[in-house]
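Undergrad: Here are the chains, one letter per residue:
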Amino acid sequence: MSEKMSFTFQDIIWCNLKRKPLRSFCLIFLVAALAFVLFGSSLITRSLIKGTDGLAKRLGADLLIVPRGYAQTAEGILLRGSPSAFYMEPEWLEKISGVEGVTAVSPHLFIASLNSDCCSVPIQLIGFDQDTDFIVAPWIKTSVPGILKDNEIVVGGAVAGRVGDTLQFFGRGYSIAAKMEYTGSGFDASVFMNMDAARIAARDCASKMGADAPPEKSISSIMALIDDSSTPIGVAGRINSAFGYVKSGIAVVPAQNIISSVSVSLRMLTGSFGALSAVLWIASFSILALLFSAMLNERRQEFGILRSVGISRKKLIAMVLWESGLISCIGSVVGIFLSALLLMPFRIYIREIFNMPYMMPGFGQLCAIACISVLLSVAAALLASLLSSVKIGNADAYRVIREGGL
Amino acid sequence: MILEASGIKKEYIRAGNSFWALNDVSLSVDEGEFICIVGRSGSGKTTLLNILAGLLTPTSGSVYFEGREYSGLSDCELSGMRSTRLGYIMQGQTVLPNFTVLQNTLIPHVLADRGDAAEAAMSLLEQVGLAHLAGQYPSSLSGGELRRVSIARALLSSPVLLIADEPTGDLDEETAGEIMRIFTSVSKKGTAVLMVTHDMNSAAFGTRSYRMASGQLL
Ligand SMILES: Nc1ncnc2c1ncn2[C@@H]1O[C@H](COP(=O)(O)OP(=O)(O)OP(=O)(O)O)[C@@H](O)[C@H]1O
Ligand SMILES: [Mg+2]
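Protein chains in written order, with the numbering used here: chain A, 1 to 406; chain B, 1001 to 1218.
Calculated from the structure, these hints are not laboratory results. Quick caveat, the model's predicted, so the values are computed rather than measured. Note that CB positions come from ideal geometry on N, CA and C, so glycine has one too. Careful, some of the hints might be misleading.
[Unchecked claim] The calculated EDC-like cross-link candidates involving lysine to aspartate or glutamate, where the alpha carbons are at most 16 Å apart (straight line), are: (1) A/Lys-179 with A/Glu-152; (2) A/Lys-20 with A/Asp-196; (3) A/Lys-217 with A/Glu-91; (4) A/Lys-314 with B/Asp-1113; (5) B/Lys-1188 with B/Asp-1030; (6) B/Lys-1188 with B/Glu-1033; (7) A/Lys-314 with B/Glu-1077; (8) A/Lys-314 with B/Glu-1031; (9) B/Lys-1188 with B/Glu-1031.
[To be verified] If you only want the chain A side, here are some residues facing chain B, beta carbon under 8 Å, derived: (10) Arg-307; (11) Ser-308; (12) Ile-311.
Whole structure, please, built from the sequences with the hints as guidance.
TA: Written out as structure tokens, the structure is:
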């Protein structure tokens, strides 16, 4: 006899699930959807919050100076990596560094790249000055390269490729000399090169687009640090009064201003996100409760037979709860796994969608979110089945049989 | 005396009208007896058996099983009694589709937490001629075979009382005869059998028989 000889209460539960694969699958699917929504929405919300948290520190500058009219565009580059290009005269570098309270300045040159084959999101090429840089170096995760040659680049955390790989821009090959950490900002989709190389790339870009080449020696923006005794607003005011607010043709943006505009949209986004997932959650919970109640009703005859051969009320309820508990454990793990599978590799796209700084929580927090999602989903499923199972458990055994249609 | 029921009444309410499905029924069952109850459809036979099995509470009257009154027992105690001392073969098809023949036979045993009984179950299946189907699922069994599974299931715990509701209802004469022989041999070994049937041939196997009419035992 191939039949397994020992047969236990656990086997009864297992057989009930295994022998009704469609029913079990539907329930697992619903719980998985519940966990998927729960885990996915908390992960995205956490990532948005973490992306915005300490963003000022991560941007690494106190003031951003750009040509007047480009402040928004520059924010886009810094926060989200939306590629674009604009220019100002290099003399500003010296002028700004001469203002009281400014301790360091470093120029950037922005070149909007076409979609590159390395990446499915548009890449921002940025020229930077390695001598004065205080923005890029702190983020380099691989060993810090020496002076970058013209064909060497430092790439953001989201750019595909490893140190030593070659990327093509405007027909030229550049080899990756270093890679940066994820910053949750626009740097993740940026490629940094030295100023000379960037000017050549800018000319390549202009000729490819049939546009005018940028003025010789021009730069796009200046990042500035200030000393502890000054405030960003105060220094910005000093710059404006020294060079004339309108006449100067530049805009001085305190990094905080960028951040506060971000936190407003963060609050709106997380708010509507929370509301949306609450609606989804209530919907799937109701379907689950309905399904459990329909399913348990359909099983009245089965329960009646079990009562007639001596299952007690308590044990009958325990059996049903074990079944739904098992189903919801499997379902929630599946749902969280799928959710993670979807959200983890595509963080760059997700940032594109939300247009916000986005940074995944660390492993510990990720596990905590997963555990809480499992617990909540299992609790929801148990609650959904508890009501109907108690009703059936408490019904007169004979009625259970009768209404089962015996 | 194994079972003693006295003054059992059961009132049902249907469409606002109440009526007595059982009207003052008394019955006692001794060890090794084989009692048959016949009666027309709707006369209250199943209602009586459900009350005797502790699945249904009578409106009035008392049932003693092995000296204990049902109304004084908790659900756990009643259920424990059904899974160990009393075998109840309900009317209709009651083999569970999710389990094999052997597993179905073992279920009361599992519910009573009474360890491994696979060997006892196999020898019972042997007795009812189903050993070769032990690993099969009910969907592939005939009506007579299914009935024998529920008999084996009811007998596994060696109950002192076996209650059967129309065990031969939808079976041919020969198969019905086989089942009656099983019941006879069970009662010869000391288990009391209480059987409801429509079939006069089956009723002839009983040592004592009753007729049920409009809720009364005659
Ligand atoms: N839960 C119930 N509510 C109302 N009336 C019921 C209920 N159960 C049974 N009845 C009625 O009580 C009467 C007795 O039913 P019972 O099932 O005991 O009959 P029976 O003798 O077993 O019939 P059969 O031989 O057809 O199985 C019938 O008229 C039936 O319609
Ligand atoms: Mg009946």
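Undergrad: Take the hints in turn and mark each one as holding or not.
TA: For each hint, the structure was consulted:
{"no.": "1", "hint": "A/Lys-179 with A/Glu-152", "result": "holds, 11 Å"}
{"no.": "2", "hint": "A/Lys-20 with A/Asp-196", "result": "violated, 69 Å"}
{"no.": "3", "hint": "A/Lys-217 with A/Glu-91", "result": "holds, 9 Å"}
{"no.": "4", "hint": "A/Lys-314 with B/Asp-1113", "result": "holds, 14 Å"}
{"no.": "5", "hint": "B/Lys-1188 with B/Asp-1030", "result": "holds, 12 Å"}
{"no.": "6", "hint": "B/Lys-1188 with B/Glu-1033", "result": "holds, 8 Å"}
{"no.": "7", "hint": "A/Lys-314 with B/Glu-1077", "result": "holds, 12 Å"}
{"no.": "8", "hint": "A/Lys-314 with B/Glu-1031", "result": "violated, 32 Å"}
{"no.": "9", "hint": "B/Lys-1188 with B/Glu-1031", "result": "holds, 10 Å"}
{"no.": "10", "hint": "Arg-307", "result": "holds, 7 Å"}
{"no.": "11", "hint": "Ser-308", "result": "holds, 5 Å"}
{"no.": "12", "hint": "Ile-311", "result": "holds, 5 Å"}
Going through the hint list in order, the structure does not satisfy hints 2, 8.
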